[in-house]
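Throw the hints in and build the complete structure from the sequences for me.
Protein chains in written order, with my numbering: chain A, 1 to 329; chain B, 1 to 332; chain C, 1 to 292.
Among these hints, one or two may not hold up.
Under the rule of at most 25 Å between Cα atoms (straight-line distance), these lysine-lysine pairs were calculated in the DSS-like manner [to be verified]:
hint : chain 1 : residue 1 : chain 2 : residue 2
1    : B       : Lys89     : C       : Lys247
2    : A       : Lys274    : A       : Lys301
3    : A       : Lys303    : A       : Lys12
4    : C       : Lys199    : B       : Lys150
What follows is a set of in silico ranges between Cβ atoms, one per label pair, in the way DEER data are often shown [as the list claims (entries may be wrong)]:
hint : chain 1 : residue 1 : chain 2 : residue 2 : range
5    : C       : Phe134    : B       : Leu281    : 38 to 44 Å
6    : A       : Asp294    : B       : Ser127    : 41 to 47 Å
7    : C       : Leu151    : A       : Asn279    : 22 to 28 Å
8    : C       : Pro135    : A       : Leu125    : 40 to 46 Å
9    : B       : Ser127    : C       : Ile145    : 36 to 42 Å
Simulated from the structure, these hints should not be mistaken for lab results.
Note that CB positions come from ideal geometry on N, CA and C, so glycine has one too.
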Amino acid sequence: MTQPLLKVTDLKTQFRTKWGLVKAVDGVSFHVKHGETFGIVGESGSGKSVTSLSIMRLIPQPAGRIVSGAIELDGLNLLELSEKEMRDYRGGKIGMILQDPLSSLNPLFTIGSQIIEGLRIHTSLKGRSLKERAIDLLRRVHIPSPAMRMKDWPHLLSGGMRQRVVGAISISCEPELLIADEPTTALDATIQLQYLNLLKRIQKETRLSIIFVTHDLGAVAYLCHRAAVMYAGRIVETATVKDLFDKPAHPYTIGLLNSMQKVEKKADHIESIKGQPPNLKNLPIGCSFAPRCDQVKDICKEKYPEETELGADHLVRCWVVKKEAVKIK
Amino acid sequence: MKPILDVQKVKKYFPVERGAIFRKVAGQIKAVDNISFSIVPGETLALVGESGCGKSTVGRLILNLLPVTGGTIFFSGIPLEEMDRSQRKIYRSAVQAVFQDPMSSLSPRMRIREIIAEGLVINQSLSRNEIDSKIQQVLDQVGLPQDAIKHYPHEFSGGQRQRIAIARALIVDPKLIILDEAVSALDVSIQAQIVNLLRDLQREFHLSYLFIAHSLGTVRYISDRIGVMYLGSLVEIGPAEEIFTNLHHPYTRALIDAAMPSHPDFVREDVVLAGEVPSALNVPEGCRFNTRCPFAKDVCRQVEPEMFEIGPGHFTACHMLDGAPEAGFFLN
Amino acid sequence: MLTSFLNAGKWLWHLYVKRRFPLFAVSTIVSFFALALFGENLSPFPPNQVDLGARFSPPFWQEGGSIAHFLGTDGLGRDILSRIMIGARNSCIVAIFSLFLGGFLGTVIGIVSGYFGGIVDGILMRMGDATIAFPIILLAILLSIILGPSLLNVVAALGLVLWARYARVIRGEVLSLKERDFVALARVAGASDLRIMVKHILPNIYNTLLVLLTLQVGWVIIVEAALSFMGAGLPGPDPVWGSMVAKGRQYVTSAWWVPFMPGMAIAIVCLSFNMLGDWLREVLDPRMRQVE
Ligand SMILES: Nc1ncnc2c1ncn2[C@@H]1O[C@H](COP(=O)(O)OP(=O)(O)OP(=O)(O)O)[C@@H](O)[C@H]1O
Ligand SMILES: Nc1ncnc2c1ncn2[C@@H]1O[C@H](COP(=O)(O)OP(=O)(O)OP(=O)(O)O)[C@@H](O)[C@H]1O
Ligand code: SF4
Ligand SMILES: [Mg+2]
Ligand SMILES: [Mg+2]
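Structure representation (structure tokens):
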């Protein structure tokens, strides 16, 4: 039980572009425990999607390449599997939900046939039981009158419904790990809440592990148990959600939390992080957050910070914190 | 104070046409249906509501990008459609806009100088030097470097582009700026920068904002009053803190409850609004919220509730609230 | 001085290696234009110089050929290389003028049609459809038969056929451009329709226009050749590639080089323009420039 379901170690994924090498993910390590929702939060371009695509081994070839690292699911390194073996994992042991619900469904097939298709590939069900299973899945994601909806085309459904159908497909083969890459960004507030509650419930029922990718700290607070904060292709802080909000250690995490515009209380003033988001093609040596950091020291501009353990499950990469954390202890 | 903008019973219906050869009107999308509100100088009114409820359409009507189907928009007391040439010219400078997508709101093939100066060039006859000094001034105000003017939009990040869009609006000394999701597309850390900038500018120049947004956190931070829209119509409007702390309309509640918490301690599990927004092609009879409302009674399905004042400057339209003109029994 | 030289070198290197610059195509096109401009001065023989003693002299590498008549001679002993070199000018003139005419009409009509929409759009686009649906060569032949074969008429015929192709693509772009927020903001600022079309929309279709123009040079040269081939092209004694092929075709078996050489010229030039157009399309793709 101590062994995590997923263990990612020093993952590096790079893209060769016309403007040079883009180190989209540069040495990312984290783990996801059984039955846990793990958030990956970060701003646009920080490498969240590339991290999740790397786990699925769906990095667009040949421009992109996983350069090094290990991705172990139950102790088995996914990067060493053949493409054919990997195909069984995708949609089998690992499910995935993407941001855009419209492009995740094929407009030429009814939603019923798309669910059945996944079941046919990954399970031994046949004929009628296939169909019954599909209807049952739709019911579980709260689609009203599921038997009738089976024959509907994707474009007839609203965004929220489509995303639920995608959700139904992704859990259809009882995956152990579900990767949800910003599944609610395109949805309205009330629909988003319905969807997140659905994810919570599915997780409770099946003890599935979820990697929830988002740029919304609020959604992390709502849904996740632990979370990692990404900045410029690296994880700068990992902690339980409680620690992340109560004892943030990295100046970037602190800045993000300070710039959150809270719905519970009217703020008189909100601190913002100064400067512009980083350009991955032109990262500074040393800590990539240094140009925007208000606690920056000389060493920050020279060397990338090492990982510091602040407590159980609380890791941070920042030179300044290291000293203070030692002092506190 | 006299309102700078007064929107009276404004409607916007879009005809839906069917048929390949013989086009006929098959129905109407009631994008905006009988909306009234006003904005006084120096105030921020936020419009919130779910996608497709007509927020942007309201903005476009005020900007005169679309003709109204019914109702009147008054600016400084003058109805838009009755403005003469010179009044129209003044109006075009007085009302500006910043839109959501920083990619699409700047002409990709124009230099920043030309983009920012466009409103001046069209509406005022100034010398090159006067224009240059005005540009310098607004660049300072929005926090952009002076050499930005030589560059093209694609050379800037999303946040900087939004600053350019603000500079462009600011340069003609506007009175009212329509901010249609002006910060929604930005990164969290940049969002706070831009919202703070907007607040500072408002204080400095006594600007009015119509702040269209779906992020309630931002809305609470920036707005003085809030209007809540559902399916093309206002269901509640009032002072911002009043709306957040003393909310009344069932939809407002649902919307605020659906906002993501800012801390794990604030997570509530109970409240969920079922169902989805009906199509604007097919607005429900009676109260347009009755298909999703947990409190709906028969009267809600038959009679459309009217706006009534439930607190000072706080209006709402729901049958189940104490003081409602038609039904007026207690909401539990 | 040295640095700017180095920078230029770097730039060329970048173009060539990183962006797969079509060197072959561009050199062909440059030579094509050079011939069009200076063909008379460069050609070894006057194009119409008849030398009955050297009739059907084969290209130099074949038995009986001579280096003097590099690509051989035709039935009147005229030097084929010289005639191809001079013929480049006619092809070039026809291409430039008809593309200019078609491009200009197409752009104006495309922008107006897309921008205003409604009935204007309906009428203009139906006209365009009719033009496109009509067999182009037939239309051009009809036109130049009715109007009589002359340079002007060939250009007019081609231009009137071409506009619809531009208009259709450009209208499509305008339809999406006019929905972009910067157009709405220009309206808010009080910009007139004309200003919006010229300052905000037109600059955004230059790339498309450039690619379209380049890709159609080849097509124009072929159609012009086909017209000449059928006797509806440029009149007069001056060599035209199309009619050189046409008149040479009776010798395909006896003196293959007479029709083959001008045919090759047409093929190489067309291919080059298409390669350049494809490359431009890739390099100018807005999606690619947004990444930077
Ligand atoms: N196919 C690709 N080719 C080249 N670069 C890529 C590709 N996919 C991603 N990148 C680069 O990798 C970096 C990380 O991208 P990624 O999509 O992971 O960001 P993200 O954190 O998911 O952002 P968002 O919140 O916008 O989805 C970006 O700078 C992006 O430009
Ligand atoms: N030009 C148009 N033609 C037809 N229907 C339109 C047009 N513009 C808007 N609509 C419809 O009017 C309704 C209101 O749209 P609007 O863009 O104002 O919503 P919104 O509240 O701004 O939504 P969002 O939050 O998604 O921006 C929608 O149902 C939309 O489909
Ligand atoms: S009027 Fe009725 S249906 Fe409408 S919000 Fe009030 S209680 Fe709900
Ligand atoms: Mg992403
Ligand atoms: Mg909108």
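Each hint tested on the structure:
1. Restraint check: the Cα-Cα separation between Lys89 (chain B) and Lys247 (chain C) comes to about 68 Å, which exceeds 25 Å; the hinted pair is violated.
2. With a C-alpha separation of about 17 Å, the suggested pair Lys274 (chain A) and Lys301 (chain A) falls inside the 25 Å cut-off, and the hint holds.
3. For the proposed pair Lys303 (chain A) and Lys12 (chain A), the alpha carbon gap of about 18 Å is at most 25 Å, so the pair holds.
4. Note on Lys199 (chain C) and Lys150 (chain B): the hinted pairing holds, with a Cα-Cα distance of about 17 Å set against a maximum of 25 Å.
5. Phe134 (chain C) and Leu281 (chain B) have their C-beta atoms about 41 Å apart, which keeps the hinted 38 to 44 Å range intact.
6. The hinted window of 41 to 47 Å between Asp294 (chain A) and Ser127 (chain B) holds, with their beta carbons roughly 43 Å apart.
7. Look at Leu151 (chain C) against Asn279 (chain A): about 54 Å separates their beta carbons, and that is not inside 22 to 28 Å.
8. Separated by about 57 Å at the C-beta atoms, Pro135 (chain C) and Leu125 (chain A) break the suggested range of 40 to 46 Å.
9. Under the hint 36 to 42 Å, the C-beta atoms of Ser127 (chain B) and Ile145 (chain C), about 59 Å apart, miss the expected range.
Checked against the numbered hints listed earlier, the structure breaks hints 1, 7, 8 and 9; every other hint is satisfied.
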